[in-house]
Each structure stands twice: as C-alpha cells, then as structure tokens.
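In the order they appear, the protein sequences are chains A and B. Positions -14 to 660 (my numbering) are the ones given, in order, by the first sequence. Positions 64 to 384 (my numbering) are the ones given, in order, by the second sequence.
None of these hints come from the bench; they were simulated from the model. Check each hint, because a few of them may be wrong.
[To be verified] Here are the in silico distance ranges between beta carbons for each label pair:
no.	chain 1	residue 1	chain 2	residue 2	range
1	A	649	B	291	48 to 58 Å
2	A	18	B	188	34 to 44 Å
3	A	136	B	169	51 to 61 Å
4	B	222	A	552	30 to 40 Å
5	A	646	B	183	17 to 27 Å
6	B	135	A	243	39 to 49 Å
7	A	227	B	65	39 to 49 Å
8	B	85	A	110	51 to 61 Å
9	B	208	A	227	48 to 58 Å
10	A	649	B	217	25 to 35 Å
11	A	227	B	315	39 to 49 Å
12	A	350	B	222	57 to 67 Å
13	A	42	B	148	33 to 43 Å
14	A	267	B	148	19 to 29 Å
Idealized CB from N, CA, C, for every residue including glycine.
What follows is the residue order along each chain.
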Amino acid sequence: LKRTAVAALLAAHFVLAALLAACTNNPYPVSDDAAKVLYLPFDDPPKTLDPQVAYSTIDHAVIGNLYDTLLEYHYLKRPLELIPGLAEDVPSPRAEADGRVAYTFRIRHGLRFHDDPCFALGGEGRSTREVTASDVAFALARVGDPLVNSPVLETLEKIVGLKQFGERLAERRGADPAFAALRIDAQYEAAAPIEGVRVRGPHELEIVLGEPYPQIVYWFAMPFTAPVPWEAVAAYDGREGRPSFAEHPVGTGPFRLARYDKRARIVLEANPTWYGVLHPEWQAPGAVYPAQGEPEDAARGLLDGRYAGRPLPFLERIEMRRDKEDIPAFSKFLQGYYDASGIIQESFDRIVHEGELSEEMRAADMKLVKGVTPAVYYLGFNMDDPLVGAAGGERARKLRQAMSLAIDAKEYARLFMNGRGIPAQSPIPPGIFGYDAAYANPYRRVDLERARALLREAGYADGVDAQSGKPLHLSFDTPDTSARAMLRFQFFANAWKRIGIDVEIAATSYNQFQDKVRRGAFQLFMWGWVADYPDPENFLFLLWTQMGRTKSGGPNTANFSHPGYDALFLEMKNRPNDARREDLIRELRAIVERERPWIELFHPEDYALYHGWLANVKPMGLSVPTSKYRDIDAPARARLRAERNRPVRWPAALLVAAFVAVLVPTVRTYLRERQ
Amino acid sequence: MLAYVVRRLAYGFVTVLGVLLFLFVLFFLVAQPEDIARKALGEKAPREAIAQWITNHGYDKPRFWNADAPADTMLVDHFTRMLTFDFGNSDADDTPISQRLREGIGPSLSLSVPLFVLGIVLGISLSLLVAFFRETTIDRMGVVLCVLAMSVSAVLYIIGGQYLLGKLLRWFPISGFDPSPDVVLRFLALPVVVGLLAGVGGDVRFYRTVFVEETSRDYVRTARAKGAGEGRVMVRHVLRNAMIPILTQIVIAIPFLFTGSILLESFFGIPGLGSITVDAINANDFATLRTMVYIGSLLFIAGQILTDLSYTWADPRVRLE
C-alpha cells in the first residue's frame, strides 16, 4: 500500500505539473497574437446602436466606427477642424429668403453600405447598395419621427419642416392603424415632405434652416445624421424574433459589426467595402492618415512618414471585452491584454508622478497622453431663488461673489481627482474659440478677507442677516447620495463655513431632485457640461434665458436671465470666428464674472494610458471615433506580453510539497490505526 | 409515493401562483407603466414614443378588470405568460428575455457544475479525514482553518485570488470568459478555485458534525466489534448513514446551479444568468427581474421536492405518504 500511495503522489505531481505547464493568464487565443487586433475593455453594455438615438460614450465608441458621417474632424489639428467625410466638401451657408439659410451637401459617388441580407427588400439577391442623398434624408426623417425618440430633435428642429413632419406622422398613425402598420419608408413617404430637407439628386442634399445656426455643420459630424438604409430599419423591427435595428446596425463605416454579445464581447472587423479601401486613389481626407498636424505632433511621433497619406484603417479588428470592475480591467491592461486604458484612482500615484509617467511605467514602455476635455464643471445658484437669485438684487450678487471667493478649485481637483483638472475661470474650456489662457477671473481665486468684506457690504456680516438677525442657512441640492459624493460636497460646505455661511447638503433621490428643479425649489447645485461640438456657443448657451431649466426645461439650470447677456449671445452665436466674436465673448464673460450665476470649478483633464506598441494616439476630447487612425505593432506586443506574463511556477511545487508533508503523516497514522 | 409527488406538485403550483400574485402587486401596482417607459426611453421622450412603448410591452391594458374582454387584462396576461414561459421582451433594450436566458445558461452551468461537484468531493473527503482524526491535532487545526476560511468575505477571496493567481503568479486570466473549448478552462479555473475556497470551510464543519455524530452510534461500535477497520467503518457505514442531512444540503442546491453565482459572475465577467440579474437591476429592467424572481421560485420549489424524494433513495426507512 505504501508503494501505491507513493505512486499516486507522483502521479498527482505530474498531472499538476502538466496542468501548470498549460497555465497562462492570456485571455485570448494564441492564433490572434500576430493579428492587428485592438483590445479595449468596457463596463456597461451599450444602450442602443441606433445612430439617430445613441448618446452615451460607450454607444458612440461602437457606432462611431460603424457609421460614417458626412463630415468629420481632422485627427491631428487643434482647435478641432471639420473635414469632409462621406461628403465631397464642407458646405458653406447660403442665405435664402425670409432669413432662411441653406447648406448643400455633395455626397461622394460609389459609397456602399455594409453587406447585409436586409437589402433583399430592395431587390432579390441584393446584399448592399450605393449610399445616396435619400439615405441622409431618411436619417433626418428618423430624427423627426417621435417614435424613434431621438435626443437631438430639439436642436435639429431648426431644419424647416422637421417638426411638422413629426406631427403629421404622429397624427396619421394615431388616426389610422393601417397607416401605422405600413412599412417605415412608405410612412415617411406619405408624411413627406420635410421642407428643409431637399434631395436634389442621388448625390446632392440641401438642408434649409429657419434661422441662422452656423453650428449645424457640427451636427453632420455626429452619428445622429449618419445615412441609414431604410431596408435595415424595415427589416430589423424587433418583432417575431427579428433583431431590432438598435441591435443590428447597417452602416457605411470603416468597420462592421462582427459579433454583438453586448454583455460580454463586441467585435468589429475592418469593412472590405469601405470607400477608403475600394478607392485609395481618392485620397479622401477621412480615409487617409493626415500629413499635417500641430507643431508638437512630430515630436509625439504622430507625423511618422510611414503613415502620412496611407489609406485607413490599419487595424484588422477591434475586440471589446466586458470588465465590470475597473481594478481587474486595469490589471489586465498592465499585463498587456488591453492596449489602452484610463487610470484608476487606486493606482494613480503608482502610474503618475507630478504629472509625468513614473519611472516604472516608462521602463515598461508605457505612454501617457493628456488632454483637456472640452467640458466645464461648476457650482450654480438658482437665479430664481429669492435669497441667492436675481430677486435678491445687489445683496444677493455680493453674496454670490463672496461664496465664489471661498472655493478653491485647485485644491478640489487635487483632493478628489488626483489633480486631473484645470481650474476654470469662465465657462469656456481650452481648445474652444474664445478661451483665453491669460484671463484670470477676480472672483475665482481664494480670498477670504475680500469674501468677508463682501458679506459685510451685503448685510450678511459673519453669515448673519443684519435685517433679521438670523444666520444664513442655504441648501445645496443634489441627486447623488453616495458616500463619495458626500465627501466632495462637504468640501464646499466647509469652504463656505469659513466665511460664516452655513450650507446644508440636501441629497435626495434623482426623482425628487428633478422635481425640485422643475419647481425651481433649489438654491445651490453642482453640474457639468461636456461639449457636443467645439464652439463657444455650446457653452455660453448654458446661461441663455431661452434655455432656462425651470421655465423651458433647457440646460440653463441656474435659470440665469440677463437681457444684456442674451443680446450679446445672439450676436455672438451667428458670427464666424473673428475678432468681433472674440470681443463679444469677452463681454459675455464679464457679465458672468460680475453676476456670478456660476462658480466655475474646473475643466477635467483626461489622462489616457497606452502601451508603446499602439501607434497614433491623440485624444479628441469629444466622443469621436479614432480607431481607424490607430495601429498596432502586433509582433512587438506578442513578444512583450509573453515576456511579462511568464507564469511563476515554484509556488505550485511548494503547494505539492506541503500537500505531501500533510499526507505522509496522515497515511502513516492511518496505517498504524489499522493495525 | 406517486400520490405524495402529485400532492407536493399541487402544493408547489399553489405556491407559484402566490409568488406570481406577489410579483404582480410589486411590479404592476407599485411601479407605473409610464415611469417604467420613461426610465427606458429617457425623461424627454415624446408622448408618442412612450405610448408606443407601453403598448408594445402590453402595459396599457386594464390591470384587473376589463368589462369588454374579461381575459384581456394585465393580471391574466401576467399569469398566462409566466405559466407558459413566454417571458416577452426586456424593458431595457427590447431583446427577447428567453433568448437571453438561453445565452446565459451555458456560461452559468459551466461555472456552477464543476464548482458544485468539486465542492462536494472536497468537502466530504476533508470532513471524513478530520472526523477520522477527531480530537487530534489534525482535527483541531482543521477547525481553526475552517473557521478562518468561513470568516473571510467572499469578495476578499475573489480580489485576493485575482491578485495572487492572476497578477502575481500569472497562472490564470484575471477575469473574462470565452466559451470556445480550447480556452474555456483557463477562464473557469480561477473562479472555481476561489469558489471552492470560499465554500469549503462551512461545508467541512457541517459534514464533520454529521459524521462525528454518526460515529458515536451503536452500529459503529458493532461494526468495529466485528473487526471492521476504521477506513471501512468511515466509508461503508458512517458515510452511508450520514447521507440524509448531507443530501438535504446538496439536492436543495442543485436547482440553483441554473441561476448562477451573482458574485463570481460579476467579478470574473462571466456572462451567465447571475450577471443578467445584476444587469437587470442596474438597468431598471423590470421584465427581466420579474422573470428571474419567478424562475428562482420555481427552482426553489423543485429543490424542495427533489430533496424529499432523495430521502427515500438514501434511507429505505423513509416512506413518503
């Protein structure tokens, strides 16, 4: 029996050794080692892949690669600059009668949709077809269709007749069930026309706006206006086991959806029928790597001669794997199994020292790229509030100015964001026209003496109302009840406490908060805004009367209403980027500076970390697809991954030894007992 | 026996009806269809889209009573659909729920079945060992280790396992899942090891108690008096007689193999049924949640019945009348 035991032990040892030899922490098949595959993690699955509906970052991260837009942004130039995408050129506005403005888009010839069985609806045996102006018109009709529920309808209603089209559709559907049962293209046909969307020919589309809105062109660089085939919307209706269009995209982009297992794995593969692949001779701006960029780009390796003018895309595939928890995702990035990543708070100090990559990370050939997000975070006052708002007159203004002088945005960014934020002086972030790095807002530095003096002038000496003798008691309203958020809000409350103002944090459920905002029953809040497009209008409109939250449900949550501001804003919004516009922005800024509806906090900085084998990384700030410009040095990646992930085997031997050490005396005792 | 099974099934059916009624009250009376629709479509969704969504999901019918067509109410709809396993579409993204269940069952079972089987084998063999060496150093060390293992939170095992075996020793991927047969094992190894460690302490303590209690019975003394060796006594006599309490614990767990482990699946990124539940909670997906609760209750009832039936098999003295 002793011999059998020894033999069993040896066998166990060998099995374990064999298993260990097969051990690897590589989550991918070896066959993909040599392929140009970009690996990215995602946490929450996309909500929808319908380009007219999708609004979240993860949605755009997927569909940005699947749906090309008429216009795009230049990959390297800053401030961001529009270039033609599916269109031949970037159109200029043309004035029409009654103050209307028209834009003509010329669409490239020979563009094709992704291969998909849905095209059989348009003719037996068809698997794709050419993209025409009608497909863009169809996309715009979808934006106007109330059943599609596009989040940008309000903005695009500036297109003449889009709103009426939606109303006609809703009316006919409501009145006649037979109409509602018609195929979608027939419904749109019957409810046509949309006055401001004119298809002039298969490759020419005219868009007419009721009023000047120069920013409209930016909306043609977003998926909301991307051409969509009616066949796909008709075929994928989500009924009788058919997928819905939101889960089955059919686009025109450089990648197509190869696998959509959205709770685990999303795979995009290069589209062999993309116009950039079929027609490299066009040298279309959206289909080749740019030869020009910012002056610093050469030093960053972004203007490498190997890439300039080369047809895109460089990647064969994009593999997105779901990692719900950010710590394992980041660990896998460090092991080389994801190519790029943000930096998690827990590891920040290990990765970044004084704004630069740590020694350890540099040694691992890691790269860091920082970019300021075109966004602004701020504390706002409800200007409709009798105490802190406009009705409070000069007293309230001085109170707001004093409170602004008490908040240290730099310290906030240091404590809560690892310093990843630039203290904001005005609503306009860097990289946007009108941003002035030299401007220092006199109310956005910390000056407690001045703040106390202002409070005295306002009749709130030491936070006590001189008129009533009662101490000031303000309320900070928030829908965020997490412990983490409480710490942050407490930071503000403590700052105000130092000038004698007592601020209570009123954290409620999201619904209750929404209700308070709707009723205008709030005083202080914290909010952020991320740009839709790189234009100052997209920030300054946040304080325009017409956007008032309580009255019209717009994003002006401060309910700021100032006739002088409105007049300047209206003039600024329609101007090209010239000196006059700059002056107007300066005047607008001065109003905000004095009136203090906001206490500007910071413009967040994005730190993107990536491995040296990933080439051509430049953040855009906006949620715009960049994958087609990226490249992977697959052999280098495979080599480094193997080097860094060699399994450590000795603990296994130790484990076996420990097992034997326990087993031998046990067996001996057992044998003794038997006798 | 047959009469007993039929009776138990009938009781079970009544319980299921009660669960369904409870779900109806919870999901249809407390939550308003319009609120659910707004959660799915966004605060600013147009009226038409909300109305269409509510109609598509069948939430526009009268709740209890429809004078024109008594069968066309949400209550009847809810009961018939659940009882015929027609779960409809998700509230969050309109995908068919049954399709998602089919997709999730494979990954869930591929983790829960090996974990279950290995857990039993490991638990029973270790507890036989400590029961055999009861009142010795081995037994006492076993107690310490088991209590230690039981006191540590499962999340710590997960994070510790990922750190030690995935990050430091690089034996297994830290997280992820891929069902293709050539790589699936490497993804399952770590969650199985972690799951075993997290569960083994409690199992060993429980089984040991059962075994020790059995070893003090008369028949054990008789067996020894006949001259049976200790090993034979433990395996042939004690193990067999200790089966009833052990079976209760094991059989009742079998149905839940299908629901997967919420914690393990979430942390290791395994797209099984456990993570469907978590996703449904996060996405306000009431339809999927309702389905998962219903399936959970069905499996629980099935587990109860199976346990009772397994007694007769384990112990011929038990008669089910």
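Checked hints:
A beta carbon spacing of about 25 Å between residue 649(A) and residue 291(B) contradicts the range 48 to 58 Å that was offered as a hint. Here the CB-CB span from residue 18(A) to residue 188(B) is close to 40 Å, well matched to the stated 34 to 44 Å. Taken as a hint, the range 51 to 61 Å is violated for the pair residue 136(A) and residue 169(B), whose Cβ atoms sit roughly 36 Å apart. Range check, residue 222(B) to residue 552(A): about 58 Å between beta-carbon atoms, so the 30 to 40 Å window is missed.
The given range of 17 to 27 Å is respected by residue 646(A) and residue 183(B), whose C-beta atoms sit roughly 26 Å from each other. For the pair residue 135(B) and residue 243(A), the beta carbons lie near 43 Å from each other, so the given range of 39 to 49 Å is met. The given range of 39 to 49 Å is respected by residue 227(A) and residue 65(B), whose C-beta atoms sit roughly 45 Å from each other. Between residue 85(B) and residue 110(A) the beta carbon distance is about 54 Å. The supplied range of 51 to 61 Å therefore holds.
For the hinted restraint 48 to 58 Å between residue 208(B) and residue 227(A), the CB-CB distance of approximately 56 Å keeps it satisfied. Roughly 33 Å separates the CB atoms of residue 649(A) and residue 217(B), a value that falls within the hinted 25 to 35 Å. For the hinted restraint 39 to 49 Å between residue 227(A) and residue 315(B), the CB-CB distance of approximately 40 Å keeps it satisfied. A C-beta distance of roughly 28 Å is found between residue 350(A) and residue 222(B), which places it outside the suggested range of 57 to 67 Å.
As the Cβ distance of residue 42(A) to residue 148(B) is approximately 37 Å, the hint placing it in 33 to 43 Å holds. Look at residue 267(A) against residue 148(B): about 55 Å separates their beta carbons, and that is not inside 19 to 29 Å.
Checked against the numbered hints given earlier, the structure breaks hints 1, 3, 4, 12 and 14 and satisfies all the rest.
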